[in-house]
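Taking numbering that gives the first Met the number 0, the leading residue of the sequence shown gets 0, the next gets one more, and so forth.
Just so you know, the hints here were simulated from the structure itself, not pulled from any lab data.
Don't take every hint at face value.
Unchecked claim - Mimicking DSBU-like on lysine-lysine, the simulated pairs with C-alpha atoms at most 30 Å apart in a straight line are:
hint: 1; residue 1: Lys-4; residue 2: Lys-117
hint: 2; residue 1: Lys-200; residue 2: Lys-165
hint: 3; residue 1: Lys-166; residue 2: Lys-282
hint: 4; residue 1: Lys-282; residue 2: Lys-117
hint: 5; residue 1: Lys-166; residue 2: Lys-117
hint: 6; residue 1: Lys-200; residue 2: Lys-83
hint: 7; residue 1: Lys-83; residue 2: Lys-165
hint: 8; residue 1: Lys-83; residue 2: Lys-117
hint: 9; residue 1: Lys-200; residue 2: Lys-166
Said to hold, decoys possible - Derived Cβ-Cβ restraints for the label pairs, each shown as a range:
hint: 10; residue 1: Leu-287; residue 2: Asp-6; range: 36 to 42 Å
hint: 11; residue 1: Lys-83; residue 2: Leu-287; range: 44 to 50 Å
hint: 12; residue 1: Phe-269; residue 2: Phe-170; range: 25 to 31 Å
hint: 13; residue 1: Phe-295; residue 2: Ser-85; range: 18 to 24 Å
hint: 14; residue 1: Ala-5; residue 2: Gln-52; range: 52 to 58 Å
All residues carry an ideal CB built from backbone N, CA and C; glycine is no exception.
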Amino acid sequence: MKPVKADTLSNYIIPSIIALGVTIPLFVETALLSTVDADIEGAFNSFSGGLLQYYDFRVAWRPRIFSNALAASVGRFSEWILGKTSIPFVQSPLELTVAGWTVFWFLLICAFLILFAKRRSLFYIFGFFAGLSFGYMPRLATRIYPWDMPALFIFLAFILLFAREKKWWLFALLPLGMGFKETSIILCVAFLFLDLPWNQKWMMAIGATILCIAVKIALDIYVREPIPFFTMQHGLNYSRAANVYVIRNLIGLITIIPFFINSGTLLALFLLPIYEQKILGLKLIGGLFLLGNMFFGNIYEYRIWFEMLPFALYGLEIASYGTSGLIPLELAEPNPHA
0 MKPVKADTLS
10 NYIIPSIIAL
20 GVTIPLFVET
30 ALLSTVDADI
40 EGAFNSFSGG
50 LLQYYDFRVA
60 WRPRIFSNAL
70 AASVGRFSEW
80 ILGKTSIPFV
90 QSPLELTVAG
100 WTVFWFLLIC
110 AFLILFAKRR
120 SLFYIFGFFA
130 GLSFGYMPRL
140 ATRIYPWDMP
150 ALFIFLAFIL
160 LFAREKKWWL
170 FALLPLGMGF
180 KETSIILCVA
190 FLFLDLPWNQ
200 KWMMAIGATI
210 LCIAVKIALD
220 IYVREPIPFF
230 TMQHGLNYSR
240 AANVYVIRNL
250 IGLITIIPFF
260 INSGTLLALF
270 LLPIYEQKIL
280 GLKLIGGLFL
290 LGNMFFGNIY
300 EYRIWFEMLP
310 FALYGLEIAS
320 YGTSGLIPLE
330 LAEPNPHA
């Protein structure tokens, strides 16, 4: 029997063992949390009755049809699995659906990290697990929705492409992400921070934004939204809703816990020095994301911040090691201050 090569062990086998290991508590935690709120079952089953029934689903969440339709398929598979056998830590099809959905996306994320970052993927795997554990802490009225993990995957794929300057792949990724969660549109700003002539930067940023808006409107029309594109509120009085949210969020800061969103990684991102142009871009996108949630979200519903995890960890990795494992050595520009 041939011995395992050291590079194979450190680059692939050990990160894979760790990824599988942290998946176990994540599976158990999300299975337990799957029944804490009736909205969770409603979201995961929203597409189970087909498109006609889906037209009655909540207005703000209906355009996330890619997430919801795929989750419904997992729900049907979970019912079939539990009809054949029992699963540890699981007592109902809903628990298996939510937990299985969460760990599927987590393992997919880990697979991409191991493939591209190799041994450095451990930094990201532990970072993602810490952020997810923070977002899904029990006793915080936690809700788990089908679009949480797909959106995290899209933002990770964005970082992989952004770090490698894959502008045309980015151009294709962003409109695709709109079907999972519409927050993908803020990523269009990233084109302004690529190593391109300024006229090309603006053309790609504007073109990607127009394409994302077109996809959003098309999806809204397809799922019969009352006001295409403007779907993120529960009612039609947007200015009043924004005022309510921002006041509630500012009051919520008193608890201090929101400052440590994603296990403190988001705050760390904003405090990091700007080592390179891409870090500035990530900070700007993070700032836009923060403002959007302050005015139109609940900042202490910590799962909504998952998309910022890849941004923060990328910046922290460069600050810690001088380079990123997500970038090939020939493309990396070492951080002289690391």
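* Which hints, by number, does the structure contradict? -> 6, 7, 8 and 13
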